[in-house]
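So the sequences go chain by chain: A and B.
Adding 82 to a residue's 1-based position in the first sequence gives its number in my numbering.
Adding 2 to a residue's 1-based position in the second sequence gives its number in my numbering.
Hints are computed from structural coordinates only; laboratory data are not their basis.
The beta-carbon is built from N, C-alpha and C at its ideal position, and this holds for glycine as well.
Among these hints, one or two may not hold up.
To be verified - Listed next, with one range per pair, are the computed distances between beta-carbon atoms:
#, chain 1, residue 1, chain 2, residue 2, range
1, A, Leu130, B, Trp121, 31 to 37 Å
2, A, Gly216, B, Trp121, 39 to 45 Å
3, A, Leu130, B, Pro220, 46 to 52 Å
4, B, Arg130, A, Gly210, 41 to 47 Å
5, A, Gly351, B, Trp121, 49 to 55 Å
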Amino acid sequence: MRTAILVVLISLPFIDRNPYHVEVLTTAGLYALLALGLNLIVGFAGLLHLGYAAFFAIGAYTYALLNLRAGCPFWLGLPVSMATAGVAGVLLGLPAVRVRGDYLAIVTLGFGEIVRIVVTNLEPWTGGPNGLLGIAHPSIGSFRFGVDSRPYYWLILLLVEGTAWACARLRRSRIGLAWVALREDELAARCLGVDTTRLKLIALGLGGGIAGVAGCFFAAKQGTVTPDSFDFILSVMILAMVILGGLGSVRGAILGAAVLTIVPELLQGFSSYRMLLFGALMVVLMQARPQGLLGLAQIRRELRGRRAAA
Amino acid sequence: MPLLRLERITKRFGGLVALSEVSFSVERGSIVSLIGPNGAGKTTLFNCVTGVIRPEAGSIRFEEEESLMGLTPHQVAELGIARTFQNIRLFANMSVLENVLAGTYVRTKSGLLEALWPWGFAAHQEERWAIDRSMRLLEQLQLAPFADHLATALSYGQQRRLELARALASDPELLLLDEPAAGLTYQERQELMAFLNRLKGQGLTVLLIEHDMRVVMPISDWVVVLDDGATIAQGSPKAVQEDPRVIEAYLGAKPDGVRPHGV
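Chain A with its partners taken away, still in its complex shape (with noise of 0.2 Å):
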């Protein structure tokens, strides 16, 4: 099945000659990226975080700023951000970490803004505003990833895929088994000699670096990073991907950001009240499957899995 999958989705631009389509399926694969980082804060470790587009944008700039200013190629700049992002994921959990729930929402929202905030402001670096023109895109040997999307829609196949391999390694994991335990109930998984702020701090730098690795993808891509790319609605959304897929499940956050991708291109038709109808259909897949979509099928893996596995 999930070979199946692999094929058609590999096969899929040589069938599909439309660029249209491939373009936004390259957009839901990044979607999916983020999607699947937030879900290891969100889903695994059930830390509500809010600012995480905060550390796509650092990714992005670290690329970008490294390919102007040192000529960095694409793929040095992919550890560096992934890196760098995976740093402040660790750096801003520092004082995040000391609270909880509703009051840590509110902790990493404000370091969204900061980030996006400083990012606008320190002009000299970052171009303000107006943002960063002119980065490389990829290259491999002699070919040159230009403007057709088919090149880049392999690759983040292949940087979605290697994600949620290593995504699902973790939640089997003896770290995956104390993150979902915290999630339940902190105390008790504490009481258990499970260290919660250090695994929270692996949270945040491992779904951090995801990210980060996801905003050197996009600066590559666009050619272009500025500061608007990366405001709440878009901590928001990657968000709701992860909860309409159904939290803690990976493949559900592939779904839920390929839907929440898909769906509004659809709509495309119905113009100004495209997002009206895409706001009413959040609400009644929410009430059909408050699990979202695919959550309660993984609850139901996980019991299964457990042994057959060992």
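Fit chain B to the supplied structure of chain A, relying on the hints for placement.
Leaving out everything else, chain B in the frame of chain A:
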């Protein structure tokens, strides 16, 4: 040398003195019961020992004079102290087996690298070991048939047993049980007592909070009575049972020849 020694523990919440100079010891391999009316400070004392809250004064020493003061709950757990909670705190969206697996956390050590290493042999070995251990505990507590069920699907008595299994999964030296018999049927209570005696036979030390004298009296080696945050009596079950201060604390009046029910 006692396994756990508390000296003059004092804890205040604002103006309220929850614990006032509480001192007692728990001998290795014994079952010690902490009794007292509601609000006497029993759970507060558990929270002090496990690092959940910090007492203002006093000392708590565990094994070889190791001080527990200022340690966080996970550090206390690492030293070999496990606990259950008065109002059962299971991981609701995890399976019965996963709940117990979480208990093995302090006895395993796979980190991020092991989790992400594609040929993760060490992590796999460790996972097997943890699952085997957890399944054995579930069998001992008659929960094995429910291993793949959600923790919330269990009956109340089963949930209490699951919490016990989870605490035991960490292979503790000292087990703190907060009202383990509350809400259990007669049959379940008898099984619990037999199980605790078996644990004691294996060398485990147990400190329990319990209201039910039919549980406390037969299994305890030592009984500590708390009232209003202070130790008003301690000794063998029989000595405590006959102590006039204990009877007064439970009845709220001076004894006049009437023995309270169950004491």
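Verification of the hints:
1. Leu130(A) x Trp121(B): 31 to 37 Å: 35 Å, holds
2. Gly216(A) x Trp121(B): 39 to 45 Å: With a Cβ separation near 43 Å, Gly216(A) and Trp121(B) satisfy 39 to 45 Å, so the hint holds.
3. Leu130(A) x Pro220(B): 46 to 52 Å: Between Leu130(A) and Pro220(B), where Cβ atoms are some 48 Å apart, the hint holds.
4. Arg130(B) x Gly210(A): 41 to 47 Å: 56 Å, violated
5. Gly351(A) x Trp121(B): 49 to 55 Å: For Gly351(A) and Trp121(B) the Cβ distance comes to about 50 Å; the hint holds.
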